[in-house]
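S.K.: Here is how the chains run, residue by residue.
Number of protein chains: 2
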Amino acid sequence: MYSFGSLQEIVNSEINCLDLNKTPDELYGPVRYALSAGGKRIRPVLLLLACNMFSEDISKAIRPSLGLEIFHNFTLLHDDIMDNASLRRNQPTVHTKYNTDIALLSGDAMMIMAYSYFFDCEENILPEVLKTFNQTALQICEGQQYDMNFESRDDVTIDEYLYMIELKTSVLIGSALKLGAIIGGAGDKDTQLLYDTGKNIGLGFQLQDDYLDVYGDVKVFGKSIGGDIVSNKKTYLLIKALELAKGKTYNHLTNMLKKDEFVPEEKISAVRSVYDELDIMDHTREQISEYFNSALRLMEQISVKEERKDELLKLIKKLLVRVY
Amino acid sequence: MYSFGSLQEIVNSEINCLDLNKTPDELYGPVRYALSAGGKRIRPVLLLLACNMFSEDISKAIRPSLGLEIFHNFTLLHDDIMDNASLRRNQPTVHTKYNTDIALLSGDAMMIMAYSYFFDCEENILPEVLKTFNQTALQICEGQQYDMNFESRDDVTIDEYLYMIELKTSVLIGSALKLGAIIGGAGDKDTQLLYDTGKNIGLGFQLQDDYLDVYGDVKVFGKSIGGDIVSNKKTYLLIKALELAKGKTYNHLTNMLKKDEFVPEEKISAVRSVYDELDIMDHTREQISEYFNSALRLMEQISVKEERKDELLKLIKKLLVRVY
Numbered sequence: 001m002y003s004f005g006s007l008q009e010i011v012n013s014e015i016n017c018l019d020l021n022k023t024p025d026e027l028y029g030p031v032r033y034a035l036s037a038g039g040k041r042i043r044p045v046l047l048l049l050a051c052n053m054f055s056e057d058i059s060k061a062i063r064p065s066l067g068l069e070i071f072h073n074f075t076l077l078h079d080d081i082m083d084n085a086s087l088r089r090n091q092p093t094v095h096t097k098y099n100t101d102i103a104l105l106s107g108d109a110m111m112i113m114a115y116s117y118f119f120d121c122e123e124n125i126l127p128e129v130l131k132t133f134n135q136t137a138l139q140i141c142e143g144q145q146y147d148m149n150f151e152s153r154d155d156v157t158i159d160e161y162l163y164m165i166e167l168k169t170s171v172l173i174g175s176a177l178k179l180g181a182i183i184g185g186a187g188d189k190d191t192q193l194l195y196d197t198g199k200n201i202g203l204g205f206q207l208q209d210d211y212l213d214v215y216g217d218v219k220v221f222g223k224s225i226g227g228d229i230v231s232n233k234k235t236y237l238l239i240k241a242l243e244l245a246k247g248k249t250y251n252h253l254t255n256m257l258k259k260d261e262f263v264p265e266e267k268i269s270a271v272r273s274v275y276d277e278l279d280i281m282d283h284t285r286e287q288i289s290e291y292f293n294s295a296l297r298l299m300e301q302i303s304v305k306e307e308r309k310d311e312l313l314k315l316i317k318k319l320l321v322r323v324y
Numbered sequence: 325m326y327s328f329g330s331l332q333e334i335v336n337s338e339i340n341c342l343d344l345n346k347t348p349d350e351l352y353g354p355v356r357y358a359l360s361a362g363g364k365r366i367r368p369v370l371l372l373l374a375c376n377m378f379s380e381d382i383s384k385a386i387r388p389s390l391g392l393e394i395f396h397n398f399t400l401l402h403d404d405i406m407d408n409a410s411l412r413r414n415q416p417t418v419h420t421k422y423n424t425d426i427a428l429l430s431g432d433a434m435m436i437m438a439y440s441y442f443f444d445c446e447e448n449i450l451p452e453v454l455k456t457f458n459q460t461a462l463q464i465c466e467g468q469q470y471d472m473n474f475e476s477r478d479d480v481t482i483d484e485y486l487y488m489i490e491l492k493t494s495v496l497i498g499s500a501l502k503l504g505a506i507i508g509g510a511g512d513k514d515t516q517l518l519y520d521t522g523k524n525i526g527l528g529f530q531l532q533d534d535y536l537d538v539y540g541d542v543k544v545f546g547k548s549i550g551g552d553i554v555s556n557k558k559t560y561l562l563i564k565a566l567e568l569a570k571g572k573t574y575n576h577l578t579n580m581l582k583k584d585e586f587v588p589e590e591k592i593s594a595v596r597s598v599y600d601e602l603d604i605m606d607h608t609r610e611q612i613s614e615y616f617n618s619a620l621r622l623m624e625q626i627s628v629k630e631e632r633k634d635e636l637l638k639l640i641k642k643l644l645v646r647v648y
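Chains A and B, in that order, give the protein sequences. Using this note's numbering, you'd call the opening residue of the first sequence number 1 and step up by one each time. Using this note's numbering, you'd call the opening residue of the second sequence number 325 and step up by one each time.
Treat the hints with care, as some may be off.
Claimed, not checked - If you anchor each label on the Cβ, the simulated ranges turn out as follows: (1) B:P416 / A:E243: 49 to 57 Å; (2) B:L342 / A:S303: 52 to 60 Å; (3) B:K421 / A:Y163: 48 to 56 Å; (4) A:E151 / B:S627: 42 to 50 Å; (5) A:Y163 / B:R356: 30 to 38 Å; (6) A:Q192 / B:Q459: 14 to 22 Å; (7) A:G187 / B:K384: 28 to 36 Å; (8) A:E286 / B:L342: 54 to 62 Å; (9) B:D634 / A:E123: 30 to 38 Å; (10) B:S627 / A:G187: 23 to 31 Å; (11) A:S269 / B:P451: 56 to 64 Å; (12) A:M1 / B:S330: 57 to 65 Å; (13) A:S152 / B:L342: 23 to 31 Å.
Calculated directly from the structure, the hints in this document are not laboratory data. Note that the structure is a prediction, hence the values are computed from the model and not measured. Ideal Cβ positions, reconstructed from N, Cα and C, are used throughout, including at glycine.
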């Protein structure tokens, strides 16, 4: 069995070997830049881990795993344009370093390139691989649109929020595991179990991101704390707080959200006090645990020997530990 | 044999039946809007015509033809953002009617949707269909990037320009015919002949567009004359004129291009005078005829009965007549 680390190395070395020195350089330069910025390569590694669960030979899963990573980076590139984000992984975003037209077009090129990495799958699985990837890609667009819609709404419910992150984040994690399973030769039931496992990991992971913005350790988390609070981002924590707050607390919280001028540190600390009053930390941890426990229960039902699940189980547990 | 008109009707009625009433409406509304704006549906009709050349049954070519039309409209949508175009087919462009973020994202969704229309092709041709479509899609991005690069360059050569429009416009016309041929069961040689035929049609067609902006009849052409001249657009005519002009004429022409303030009608008429002096009309007509004649010569070599070529030949001749 391959370890997470060894698969990460394989993915990184494959990405370094991609033939991206093509013309026009204004199109392919940004693609090289976006793909070389790093990241944890979680999606391609999950695809390879799932394949390895059913097959010793992961070579036929390599290209699809790269397609998934290229696709993921395309979504980041276009999302950064829509979100006006100037930094990604501590480097200027593509539209900041180049310009918006170039970022738009090189994003399109990345999406097109991503598809080509799935075409070499064996004929008997090609249609299912393509349909899985394609449906996921469209769902991610839907999720991004809901996310943008939520910005101008004050009445987003927890269910709506969970549906949005399911589309925007977790179907891709689900599909990574599902595609690996299909390519590795898993049966329909195990394939579906892995898809659902991935969806739960994705939901838990996104809620963790929300959680760590408020309760994370700057040194471990790597980005500054409270950014979501400063920008009124509709996270699980804020939506839950708006749902639970009553009377004076509710008014206090909504007034803080309305203020145009404030000292960031003061707003962060005031909103955290409201969160503390409403036990938002525990509510969020509970929800995260639920998703990770669901993932573990689904994993139990997969019909391979326990030792073949070890690497994925280790990963899930490692992800969960980020919160505690 | 189906006529061009009857295939156009089939495509339009299929597009009207697409299930695009999905949520979020902010994502799918713009897709409906873009696809309902009309247009001549040339690419899907060419795909169906090519299929019909080899097979009475065109049903299996319908979905791929829709995929091609959806893809084409995706490129228009994103190009309009990059070109800051406010009108398309006399209606507000998507980013003007909605906003840039929505246009960007619904364009992404259209590209993803386009792919799904190819997945049902029979297993034995699916990989070739996908590779043909995918390579073309990437070439179109390259063409668009070259087009943007040319805006800030004064030394674009005719060869560079022709290579740009080959990528941006004509490979898609070539692929429409090639995909129809593959789906219709044509052999490799006929498939390649149709691809090259389409590329020549596409090149001729784009030069015609350039030509008609200067020498077209407003009533027939449907858009105002001289727009390319006013905006200094690097068309075949302008690049050829810059190549042929010497001494006083060259200085006169380049001075006109540099002027920031001018009366549009005066600039159009002055640039036309330079074009007349340099015989640009005849040069352009000659080049267009060359492309259309190449297309006709390639058609002759296709190994089906002459009557099966009739509809495509009629179309090529009809397209050519636009100039004269």
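S.K.: So, for every hint listed, does it hold in this structure?
M.R.: We went through each hint and held it up to the structure:
For B:P416 and A:E243, the Cβ-Cβ distance of about 39 Å falls outside the hinted range of 49 to 57 Å, so the restraint is violated. Between B:L342 and A:S303 the beta carbon distance is about 40 Å. The supplied range of 52 to 60 Å is therefore violated. Between B:K421 and A:Y163 the C-beta distance comes to about 27 Å, which lies outside the given range of 48 to 56 Å. Distance hint check for A:E151 and B:S627: the Cβ-Cβ separation is about 59 Å, which falls outside the suggested range of 42 to 50 Å.
In this structure, A:Y163 and B:R356 break the distance hint of 30 to 38 Å, their C-beta atoms being roughly 23 Å apart. In this structure, A:Q192 and B:Q459 break the distance hint of 14 to 22 Å, their C-beta atoms being roughly 34 Å apart. Range check, A:G187 to B:K384: Cβ separation about 30 Å, and the 28 to 36 Å hint holds. For the hinted restraint 54 to 62 Å between A:E286 and B:L342, the CB-CB distance of approximately 43 Å leaves it violated.
At about 36 Å, the CB distance of B:D634 to A:E123 agrees with the hint of 30 to 38 Å. Under the hint 23 to 31 Å, the C-beta atoms of B:S627 and A:G187, about 46 Å apart, miss the expected range. Range check, A:S269 to B:P451: about 59 Å between beta-carbon atoms, so the 56 to 64 Å window is met. At about 59 Å, the CB distance of A:M1 to B:S330 agrees with the hint of 57 to 65 Å.
Distance hint check for A:S152 and B:L342: the Cβ-Cβ separation is about 29 Å, which falls inside the suggested range of 23 to 31 Å.
Checked against the numbered hints given earlier, the structure breaks hints 1, 2, 3, 4, 5, 6, 8, 10 and satisfies all the rest.
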